[in-house]
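**Student:** Residues per chain, in single letters:
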Amino acid sequence: MAAEEASGGIQIHPMEQFTVRPLFGGTELHWYTITNQTVWMAAVVAVVIVLFALGTRRRALVPSRTQSIGELAFGFIRNMIVDIGGKDMLVFFPHILTLFLVIVTANLLSLIPYSFSIMAQFAVTVTLAVAVFVTVTVMGFVKHGVGFLKLFWVSSAPAALRPVLAIIELMSYFVRPVSHSIRLAGNMMAGHAVFAVFAGFAVVAVISPVSVLAISAMYALETIVAIVQAYVFTILAVVYLNDAYHPGH
Amino acid sequence: MEGDIVQMGAYIGAGLSAIGMGTAAIGVGNIIGNFLSGALRNPSAAPGQTAMLFIGIAFAEAFGIFSFLVALLLMFAL
Amino acid sequence: MSSEPITGAAEVAEQSGGMPQLDFTTWGNQIFWLVVTMLVTYFVVAKIFVPRVSAVLAERKASVTNDIAAAEELKRKAEEAEAAYDKALAEARAEAQSIAAQARADIQAEVDAATAKAEAEIAAKQAESEKAIAEIRASAVESIQAVATDVTGEIVAAFGAKADAKAIKAAVAARMKG
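Residue numbers (my numbering), protein chains in the order written: chain C, 5 to 253; chain P, 40 to 117; chain F, 6 to 183.
What the hints contain is simulated information worked out from the structure, not anything from laboratory work.
Take the hints with a grain of salt, since some may be wrong.
[As the list claims (entries may be wrong)] Calculated cross-link-like contacts (lysine to aspartate or glutamate; reagent style DMTMM-like; alpha-carbon spacing at most 20 Å): (1) K66/F <-> E75/C; (2) K154/C <-> D247/C; (3) K122/F <-> E140/F; (4) K52/F <-> D247/C.
[As the list claims (entries may be wrong)] Covered by chain C, according to a simulated footprint, are these stretches of chain F (three or more residues, beta-carbon under 8 Å): (5) 34-44; (6) 47-57; (7) 60-72.
[Said to hold, decoys possible] Cβ-Cβ distance ranges computed for the label pairs, FRET-style: (8) V41/F <-> F145/C: 51 to 59 Å; (9) F93/P <-> L94/C: 16 to 24 Å; (10) L165/C <-> A57/P: 34 to 42 Å; (11) G48/P <-> R166/C: 36 to 44 Å; (12) L174/C <-> S68/F: 31 to 39 Å; (13) A57/P <-> T70/F: 33 to 41 Å; (14) V41/F <-> L58/C: 14 to 22 Å.
By construction, the Cβ of each residue, glycine as well, lies at the ideal position given by its N, Cα and C atoms.
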């Protein structure tokens, strides 16, 4: 990538779009400063409120369009939890639903040109993944006490292999939040970086049609990725939570 | 001058780590191909396994994303 | 993308050409606003959205169950009505058949009576006619006999024999019977 070309030619800064900057003047970034990211987070909340709170306002027996969307999301996440973890995991239904709605809304909003991709920020995804990790660990010990450690002790393996497997399982358990967060952020970041790269090539008149076509194709792909990654993040959260509920192998 | 050599190495490394993304793509293709051949043999069992399909894809893709991340780190964070 | 002067931590990140995501000075801010976002969304989802949709789904299930029950009831009523209709139809048909049979019997009786009457009249007329024919035949025989007697007497006289009228009459009568 020709990011370092100083004078003339193509100047592509695919990473610049992920910069968090204070929105209303000011030079420093305090913990309470309103940034471009904050605005898009507010947009996510607004969309969730409009679609899912106002959309179901009428509680119609025959659903309107917005209410259908809400019922679709509701049934989708509920079935996911029941299929994977059984009915006793429905305690976490609102939490998982919140997770899914925030991620999918943020991902889809980030496809708007000039918007900001919240889920491409490692700060955000790491926080979410760590929250899931902590919840799973705490729930595991609350539900099963020390018995939760059976998750790492593969009782179906030969006795000699078990300590080795325990170490591997323990490592994979602690790698989970890392892969969980990087998968989402990396996917979103990759898509938006590719957009930026192609958009940067569009400066040259000869390749601009190719560039625009490529961006259109990528846009379709990224729409799928936005939804699939939200789904994957949610279903992995549910799968990890299922380990806390049913730790045996 | 020395900085240039470091940068060159970083760029070469970024290009090499992009190979990892290709191999992750092979892995994802494997998963979907095997799922499809299984699903065509027994279509009635397929819908219950789509969740497993997505989990598998996610795991396989994660490593492609890792290598992408390594490439980005080499290019921009060094 | 931005023409405004870039400031603070962002400037450092961009000038070094690095990844803005790894600029840890922004993490506190991001995490704070993320937590706010998640909490607000959680309250919207858990306190408004989930109860509403659960209520709607439960209500829909109940109303569907009710509708199915009502449909069963209506079906049962329709079947009853159909049975009653079938019964009425069968009764009407039986009645119609009995009426038709009655009418047929009445007509048959009338026809029989008329036939009998006509036959009797015909028989009477036939008897009368036969009587008349017999009289005519008798008178015809008598006149033939008379003519024959006369003719025989004349013939006998012509042959020159003498014959008395009684013998001729007897001979003609004997011949005519034969």
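**Student:** Work down the list of hints and note, for each, if the structure agrees.
**Tutor:** Checked hints:
1. Only pairs whose Cα atoms come within 20 Å are accepted, and K66/F paired with E75/C is accepted, the gap being roughly 14 Å.
2. Pair hint K154/C plus D247/C holds up; C-alpha atoms about 10 Å apart against a cutoff of 20 Å.
3. Proximity of K122/F to E140/F is assessed by CA-CA distance (about 27 Å); at most 20 Å being required, the pair is judged violated.
4. A distance of roughly 27 Å separates the Cα atoms of K52/F and D247/C; the hinted pair therefore is violated under the 20 Å criterion.
5. With 10 residues carrying a beta carbon less than 8 Å from a beta carbon of chain C, the stretch 34-44 of chain F meets the three-residue requirement, and the given coverage holds.
6. Remark: the stretch 47-57 of chain F is confirmed as covered by chain C, as 8 of its residues place a Cβ nearer than 8 Å to a Cβ of that chain, reaching the required three.
7. For the stretch 60-72 of chain F, the proposed coverage by chain C is satisfied: 6 residues have a C-beta within less than 8 Å of a C-beta in that chain, meeting the threshold of three.
8. Distance hint check: the CB atoms of V41/F and F145/C are about 28 Å apart, inconsistent with the given range 51 to 59 Å.
9. Checked against the given bound of 16 to 24 Å, the beta carbons of F93/P and L94/C, roughly 21 Å apart, stay inside it.
10. A hinted range of 34 to 42 Å holds for the C-beta pair L165/C and A57/P, which are about 36 Å apart.
11. G48/P and R166/C have their C-beta atoms about 43 Å apart, which keeps the hinted 36 to 44 Å range intact.
12. Taking the beta carbon of each, L174/C and S68/F are about 52 Å apart, not inside 31 to 39 Å as hinted.
13. About 58 Å separates the C-beta atoms of A57/P and T70/F, a value inconsistent with the hinted range of 33 to 41 Å.
14. Separated by about 21 Å at the C-beta atoms, V41/F and L58/C satisfy the suggested range of 14 to 22 Å.
Going through the hint list in order, the structure does not satisfy hints 3, 4, 8, 12 and 13.
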